[in-house]
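What follows is the residue order along each chain.
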Amino acid sequence: MFNKKWRQESANHIMLLPGVLFLFLFCYVPMFGIIISFQKYYPTKGFFKSEWVGLENFRYIFELPDFNRVLWNTVFIASAKIILLLIVPIITALLLNEVRNVLFKRSVQTLIYLPYFLSWVILAGILMDVLSLKGIVNQMIEGLGMQSIFFLGNNNWFPWTLIVSDTWKQFGFDTIIYLAALTGINPTLYEAAVIDGASRWKQTLHITLPGMAPIIVLMLTLSLGNVLNAGFDQVFNLYSPPVFESGDIIDTMIYRIGLQDYQFSVSAALGLFKSIISFVLVSVSYAMAYRFANYRIF
Amino acid sequence: MLGKKGWTMLLIVVLASSVLSACSGNKANEAKGAVETEKSEGAASATSSAEAKPEGDNNPFGKIDPPITIKSVLGTAGWATFPDGETWDNDNRWTKLYRETLGIQLKWNWLVDSTQYDNKMNVSIASGDIPDLMVVSKKQLNQLVEADMVEDLTEVFDRYAMPYLKMQVGEALAPAQKMATYDGKLMAVPQYGGDPRDSLVSLYIRSDWLKKLSLKEPTTIDELVNVADAFVKQDPDGNGKPDTLGLGILSATMGGGSMGGFLNGFHASPDIWVDDGAGQLMYGSTTPEMKTALGKLQEMYKGGLIDREFGTKDYNRLKEDVVSGKLGIFYGTISESALIAVDLIKNDPKASWIAVPLPSVDGTPAKPSVGVSVGGFLVVKKGFSNPEAVVKMMNLFIQKVYGEDEFGTNGDNKTYAWVDNAKYAMHVLSPVQGYIKDYNYRLVRDALASGDPSKLNESLKETYDLVLGTDGSDPEKWQQWWIHQPAVSPFEVRDQYQLQPDGVVIDKYFGGSTKTADEKMSTLATMQNETFVKIIMNAAPISDFDNYVANWKKLGGDKITQEVNEWYASNR
Amino acid sequence: MIKTTSWSRRSFNLVNYTLLILLSALCFLPIVHVLALSLSSKIQVTAGNVLFWPRDFTWASYEYVASQGQFFRSMGITLERVALGTVINLGLTLLCAYPLSKERRDFRFRSAYVWYFVITILFGGGLIPWYLTIKNLELLNSIWALVLPGAVPVFNIILLLNFFRRLPKEMNESARIDGAGDWRILFSIYVPLSMPSLATITLFTVVGHWNSWFDGLLLMNNPDRYPLSSYLQTVITMPDLSKFTDPETARVFNRISDRTTRAAQVFVGMLPILLVYPFLQRYFIHGIVLGSVKE
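Residue numbers (my numbering), protein chains in the order written: chain A, 1 to 298; chain B, 299 to 870; chain C, 871 to 1165.
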């Protein structure tokens, strides 16, 4: 019995072997670098001769005068992005799913994916034009008789500028995943529903969405790992002193610190902190999905 | 890796000497290079003979015999292009020059794009695989010195540095040399970065607007405010729309386009360490003068004399405002002549500009303030057989790019730096680069004034001819023409400041980062930046300045001041 | 369609199409703007005169980007990388996703394996150890340095294993009764049935390889060996002008690289998607048809 089981499963192990080996070589081996989070690491001294400082690097980060504000900004911006990047692509995918014209569908799909290719360096240039007080957006706002909005310089608006523009840039990418998920739904379900006289809305609610649910949960779980990544490139290219208050995030702060000497250890410590938080969040959601829905996310 | 300062310096050389001459052909250039090399060796000993004649081996340009091979690394730049047949890593004119003149064969361990140079250097150091000769940053230098991984260059520098370099190191380049000196030992040859005072700012103004509105050039802050007011309210561009801006400043407190020049007008010296009058150093951003200056800026902002979006604008936006003819007054270094004004002139030929000294708030003339920075440091791996090679290579680089004296004797930057009217940047091919002070502007100006170009070397003569041959109407030549008109030139303003013995406030601290500064300085700088900008934009009351000063002191500023003064006590 | 199109359906379609058109425009117009920038003269761009139509039309930016022989050399390296990388990534994705998509009763170790994979997206060792590892494997300066370190795309594996799990179980079982082994089930049942998700993953892989530039810069010891995106980085985005603390440097670079050239880079970067995407899109639809034919 035991042997038989092993033989049955042997193909699985063989299939996984190359992947496991590659990951070991290129991910697990370099992970020994995590130790520098607990050192005052200098490249000249190497991993073994650098001074051990315990949790000193973590203490340094947490005791930075702005740390609380920056942590809050990071979590707020990142969470809002996670939520919007879940909702917008799903809705887009559902809307696209209702389109019968293949050419139209394909065109939209391609067009909404394009912003994904713009780097933040160039996008920042565009946004600064478009969102400036004399820019096209404010011209429209004034045209409607409202006060112009200082999107990039006002602390109430700036985080939302970040959140919305990031969603705009990324949603095409996620939409593709949900569209792929839609193709996997068994068409007979719809046919049965039509026979039962269910409306399109009812079909969406009772067939399409449940059909996509596993992928939605998966995407949500994986994105939880990013709750401390508010998007360095974007913020770095868009923020300025008037909006440090609302836009400064952990990554930009650490970047600015660029510690003269032992920056490696501090950024490693920060990285480890983020990894641990991500790991906890992902594990918890994995466990909850299993416990309450008896469902394994991955 | 080329070092920000280095770039600026080289740009200056180009500004003051490059002309739009026809390509003289690569073959010819190379041939000329070879001839020049022989000539220069003779000339080197000739100029040096004024001092103690170096004997045989002490020759700054002496060929190493038998020839040696040096393993080095190079930071490359994607924008740089070279004439056919020359690339980053083949036998180009620089590697040839080093081989033929100095007997040094270069071998590359790696080449990497400059943006990743620092990373690549760190990983190389971490893997214990460093080349014989390399450029490192100040922080890498600190570590390498501490780990005793680099050669002491004190002696070879004394023996081999050419007289002109030694002369400059004694004056303009002294701070840079000091940054490379640890406990009295020279552990690296800095890339220098010229005279710190070269980066001072002057006030750029649209002179056609001044004329149109019958205003004179401002010499006081009040007059400056009047000009800004008129530029905003009196439609200087005459298009009938209120679309022009007042004073253009950035949120930065130093450098071109920044508010630094305005702060200097109140005798404040932002971001640098200055003497407090009692022999101690204090941080220039925390002084009462600074508060007054910020108060004035806030007033101007409230009055619409500073762009409403000021805090969010970066350098490119400022430039956009200038080029689109909306901005007519800002503070700039000499480099703005090349990149801001010239674009505008191409866009609007009627525009004319003038650079004037910094307006002052009171009767005392304002002094511009400058920092000291060095782009990189050349080090030799501990145990390498010929550490003098780095000094000789530096000599040769400076000789080719700047010449052997302030007249540019034996210089050949048309072959070794900006070839074919600056189409090709050849100097980036050299692993050893040093940027020193040049006197090109002064030389050409004097020759133009006297009508006697006989003292000019070949490339300066070309500049001379170009300036004589145009009246500024050709946009391609406008910039060269403009900077050589002493009545309006930022170079002239700069020169006048530099001629005064104490005309410029230079950062008195150049020991790199102190222990506390290392941990706290960026936090303090962020706090400063944020506070200043908010005050100006009237998002915070001026009294916030006092909170800032108190916090600055509390959050590490006092400690840093103490450390800086300890350094000052032993290094003044 | 059984039912004729109702009034409510038609008004929904109207709203839906309008919405999607607006959304597309919102995504497309900035691209048009960037295209216009890339085809305009530097002065017009700096003066802020360019919107959706080029001013002082010029190819100069593209000529500049492509002027060096390096452009084509880098293009070659990128094509090699994309081809090699996509094959390896897809192969490993399939091989890993299949066993991991099984239930625990069919494969007892799946959970252990899955976590072994997931950990690697959450934790990393940082730049220096990563570099040292690749250096010690003597991969530096070769195409393998660009392909092997990222050979296992864990995100894609997890995505695909979820798609695999949704395939009808009965097919799997009946195949097994017919005596088919895991290998045959994977390649003759799972793969053909998963074309839409495979197309998605292929797309991500191709785009990923085409666009990644950082590894090329650091792992190649000579600019000769840079893939296209790394090369374009060095030509264009190298100086982030707005963030230079010392604006004087920015000025020097500014003379050379500008928003126009950067805009041109965007289009070169988009090339693969414009070429590959329409081709891959066939499979998104194809999957549905296949599914319905089966029943």
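No wet-lab data here; the hints were simulated from the structure. The beta-carbon is built from N, C-alpha and C at its ideal position, and this holds for glycine as well. Please note that a few of the clues may not be correct.
[What the hints assert, rightly or not] Straight line, CA to CA, 30 Å or less: simulated DSS-like cross-link-like pairs of lysine-lysine:
{"hint": "1", "chain 1": "B", "residue 1": "K369", "chain 2": "A", "residue 2": "K49"}
{"hint": "2", "chain 1": "A", "residue 1": "K49", "chain 2": "B", "residue 2": "K680"}
{"hint": "3", "chain 1": "B", "residue 1": "K600", "chain 2": "A", "residue 2": "K134"}
{"hint": "4", "chain 1": "B", "residue 1": "K680", "chain 2": "A", "residue 2": "K134"}
{"hint": "5", "chain 1": "A", "residue 1": "K45", "chain 2": "B", "residue 2": "K600"}
{"hint": "6", "chain 1": "C", "residue 1": "K1005", "chain 2": "B", "residue 2": "K680"}
[As the list claims (entries may be wrong)] Part of the chain B face toward chain A, derived, beta carbon under 7 Å:
{"hint": "7", "residue": "T385"}
{"hint": "8", "residue": "N388"}
{"hint": "9", "residue": "N390"}
{"hint": "10", "residue": "N417"}
{"hint": "11", "residue": "Q441"}
{"hint": "12", "residue": "E607"}
{"hint": "13", "residue": "T610"}
{"hint": "14", "residue": "A636"}
{"hint": "15", "residue": "V654"}
{"hint": "16", "residue": "V831"}
{"hint": "17", "residue": "G854"}
[Claimed, not checked] Chain B stretches covered by chain C per the calculated footprint, using a threshold of three residues with CB under 8 Å from any CB of chain C:
{"hint": "18", "region": "397 to 410"}
{"hint": "19", "region": "419 to 429"}
{"hint": "20", "region": "699 to 707"}
Verification of the hints:
1. The hinted pair formed by K369 (chain B) and K49 (chain A) meets the criterion: a straight-line CA distance of about 27 Å does not exceed 30 Å.
2. Taking the CA atoms of K49 (chain A) and K680 (chain B), the gap is about 19 Å. The hint holds against a cut of 30 Å.
3. Restraint check for K600 (chain B) and K134 (chain A): the C-alpha separation of about 18 Å stays at or below 30 Å, so the hint holds.
4. For the proposed pair K680 (chain B) and K134 (chain A), the alpha carbon gap of about 59 Å is over 30 Å, so the pair is violated.
5. With a C-alpha separation of about 54 Å, the suggested pair K45 (chain A) and K600 (chain B) falls outside the 30 Å cut-off, and the hint is violated.
6. The suggested pairing of K1005 (chain C) with K680 (chain B) holds, with an alpha-carbon distance near 23 Å, which does not exceed 30 Å.
7. A cut of 7 Å between beta carbons decides the hint on T385 (chain B): the least distance to chain A is about 27 Å, and the hint is violated.
8. Interface restraint check for N388 (chain B): the shortest CB-CB distance to chain A comes to about 30 Å, outside 7 Å, so the restraint is violated.
9. Interface hint status for N390 (chain B): violated, as the beta-carbon distance to the closest one in chain A is roughly 31 Å, over 7 Å.
10. About 11 Å separates the beta-carbon of N417 (chain B) from the nearest beta-carbon of chain A, more than 7 Å, and the hint is not met.
11. The restraint placing Q441 (chain B) at the interface with chain A holds, with a minimum CB-CB distance near 4 Å, inside the 7 Å limit.
12. Here the hint on E607 (chain B) is kept, as its CB sits about 6 Å from the closest CB of chain A, short of 7 Å.
13. Against a cut-off of 7 Å between C-beta atoms, the interface hint on T610 (chain B) holds, since the closest Cβ of chain A lies about 4 Å away.
14. Interface hint at A636 (chain B): violated, since its Cβ lies 22 Å from the closest Cβ of chain A, which is beyond the 7 Å cut-off.
15. With its C-beta approaching chain A no nearer than about 28 Å, V654 (chain B) sits outside the 7 Å limit, and its interface hint is violated.
16. The interface hint given for V831 (chain B) is met, as the beta carbon of that residue sits about 4 Å from the closest beta carbon of chain A, less than 7 Å.
17. Violation of the interface hint for G854 (chain B) is found here, the shortest Cβ-Cβ separation to chain A being roughly 9 Å, above the 7 Å cut-off.
18. Coverage of a stretch by a chain is defined here by at least three residues with a beta carbon nearer than 8 Å to that chain's beta carbons; for the region 397 to 410 of chain B and chain C the count is 5, and the condition holds.
19. Coverage of the region 419 to 429 of chain B by chain C holds. Counting CB-CB distances below 8 Å, 4 residues qualify, and the rule asks for three or more.
20. Closer than 8 Å: that is the beta-carbon criterion, and the region 699 to 707 of chain B has 0 residues meeting it against chain C, so the requirement of 3 is violated.
Figure legend: structure checked against the earlier numbered hints; hints not met, in rising order: 4, 5, 7, 8, 9, 10, 14, 15, 17 and 20.
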